[in-house]
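**Q** Below, each chain spelled out in residue letters.
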Amino acid sequence: AQSVTQLGSHVSVSEGALVLLRCNYSSSVPPYLFWYVQYPNQGLQLLLKYTTGATLVKGINGFEAEFKKSETSFHLTKPSAHMSDAAEYFCAVSDRGNKLVFGAGTILRVKS
Amino acid sequence: DTEVTQTPKHLVMGMTNKKSLKCEQHMGHRAMYWYKQKAKKPPELMFVYSYEKLSINESVPSRFSPECPNSSLLNLHLHALQPEDSALYLCASSQGRLAGGANVLTFGAGSRLTVL
Numbered sequence: 144a145q146s147v148t149q150l151g152s153h154v155s156v157s158e159g160a161l162v163l164l165r166c167n168y169s170s171s172v173p174p175y176l177f178w179y180v181q182y183p184n185q186g187l188q189l190l191l192k193y194t195t196g197a198t199l200v201k202g203i204n205g206f207e208a209e210f211k212k213s214e215t216s217f218h219l220t221k222p223s224a225h226m227s228d229a230a231e232y233f234c235a236v237s238d239r240g241n242k243l244v245f246g247a248g249t250i251l252r253v254k255s
Numbered sequence: 012d013t014e015v016t017q018t019p020k021h022l023v024m025g026m027t028n029k030k031s032l033k034c035e036q037h038m039g040h041r042a043m044y045w046y047k048q049k050a051k052k053p054p055e056l057m058f059v060y061s062y063e064k065l066s067i068n069e070s071v072p073s074r075f076s077p078e079c080p081n082s083s084l085l086n087l088h089l090h091a092l093q094p095e096d097s098a099l100y101l102c103a104s105s106q107g108r109l110a111g112g113a114n115v116l117t118f119g120a121g122s123r124l125t126v127l
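Chain order of the listed sequences is A and B.
No gaps in the numbering here: position 75 of the first sequence is 218 in the working numbering, and each next residue is one more.
No gaps in the numbering here: position 20 of the second sequence is 31 in the working numbering, and each next residue is one more.
Quick caveat, the hints were computed from the structure, so don't treat them as lab data.
The structure presented is a predicted model; accordingly, all values stated were derived computationally and were not measured.
Please note that the accuracy of each hint is not assured.
[Said to hold, decoys possible] For lysine-lysine, the following DSSO-like pairs were computed, each having C-alpha atoms within a straight-line distance of at most 27 Å:
1) LYS242(A) - LYS33(B)
2) LYS211(A) - LYS20(B)
3) LYS64(B) - LYS254(A)
4) LYS64(B) - LYS29(B)
5) LYS212(A) - LYS29(B)
6) LYS30(B) - LYS20(B)
7) LYS192(A) - LYS30(B)
8) LYS64(B) - LYS242(A)
9) LYS242(A) - LYS52(B)
10) LYS20(B) - LYS254(A)
11) LYS192(A) - LYS29(B)
[Unchecked claim] Negatives, chain A to chain B, calculated, CB over 10 Å:
12) SER171
13) ASN184
14) GLY186
15) GLN188
16) THR198
17) GLU207
18) PHE210
19) VAL244
Yeah, the Cβ is synthetic: ideal placement off N, Cα and C, and Gly gets one too.
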């Protein structure tokens, strides 16, 4: 069964600093990997996805993630944090079927 | 139209009530999902409909009853719920596994349910 582990339930960065949110996956088959963002009292919005091909994936709002098979990781980064990035971020893995499994989530706080 | 619309946004019900949550999409997606999200927890899959047929039931109690009347609509019927069922219920849709490629889910804003 697929699973993801997000390291750090809370991450705090200063505005303008690098954002790094960590995600490691476990999968018996080549996975599809996703990052979603959830703002308070809202649904989830897709930031980016990895399927096949290029291992560096660019998403919306300046976020990107790199798929590293050797490390079973799919960490999310953004060079410069903005106040509007404060939200909860979920890494997720799919078995290429209809089942999407989420990690526990990381709450990102951006300090001014 | 790239949205998934959920109604109502908020619902308060007693343990003996019968209510329904509704979800609608007009993106031509053929898979629809119900997720349950408790406070400070990730979404947990409840049900998946693929081409209007129930394809995944994650051992959800029978007091939750899903229904997919057509490819655009998904309902979740609620009966005899418990206070611990209070949560945000998220609906999502996707093109569906048979469409090939990554099965990207589009989520609605959710229905926040409180059971008294």
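**Q** Going by Cβ atoms, does GLY186(A) stay more than 10 Å from chain B at every point?
**A** violated, 4 Å
**Q** Can we confirm that no CB of chain B comes within 10 Å of the CB of GLU207(A)?
**A** Since the minimum Cβ distance to chain B is about 17 Å, GLU207(A) lies beyond 10 Å and the statement holds.
**Q** Between LYS64(B) and LYS254(A), is the straight-line Cα distance small enough, at 27 Å or below?
**A** violated, 47 Å
**Q** For a C-alpha distance cap of 27 Å, please report whether LYS242(A) and LYS52(B) respect it.
**A** holds, 18 Å
**Q** Take the C-alpha atoms of LYS20(B) and LYS254(A), compute the straight-line distance between them, and say whether it is at most 27 Å.
**A** violated, 31 Å
**Q** Do the alpha carbons of LYS212(A) and LYS29(B) lie within 27 Å of each other, as the hint requires?
**A** violated, 48 Å
**Q** Below or equal to 27 Å on CA atoms is what counts here, so check LYS192(A) against LYS30(B).
**A** Given that 27 Å is the threshold and the Cα spacing comes to 36 Å, the pair is violated.
**Q** Is the straight-line distance between the alpha-carbon of LYS242(A) and that of LYS33(B) 27 Å or less?
**A** At roughly 21 Å apart (the allowed maximum being 27 Å), LYS33(B) and LYS242(A) satisfy the hint.
**Q** Take a quick look at THR198(A) and tell me if its Cβ sits farther than 10 Å from every Cβ on chain B, holds or violated.
**A** Check passes; 15 Å lies beyond 10 Å.
**Q** Classify the label on SER171(A) as holds or violated, using whether its beta-carbon is more than 10 Å from each beta-carbon of chain B.
**A** holds, 17 Å
**Q** Examine each Cβ of chain B, and state whether all of them lie more than 10 Å from the Cβ of ASN184(A).
**A** violated, 8 Å
**Q** For LYS64(B) and LYS29(B), compute the direct alpha-carbon distance and say whether it is at most 27 Å.
**A** holds, 23 Å
In this structure, the earlier hints numbered 2, 3, 5, 7, 10, 11, 13, 14, 15 and 19 are contradicted, and the remaining ones agree with it.
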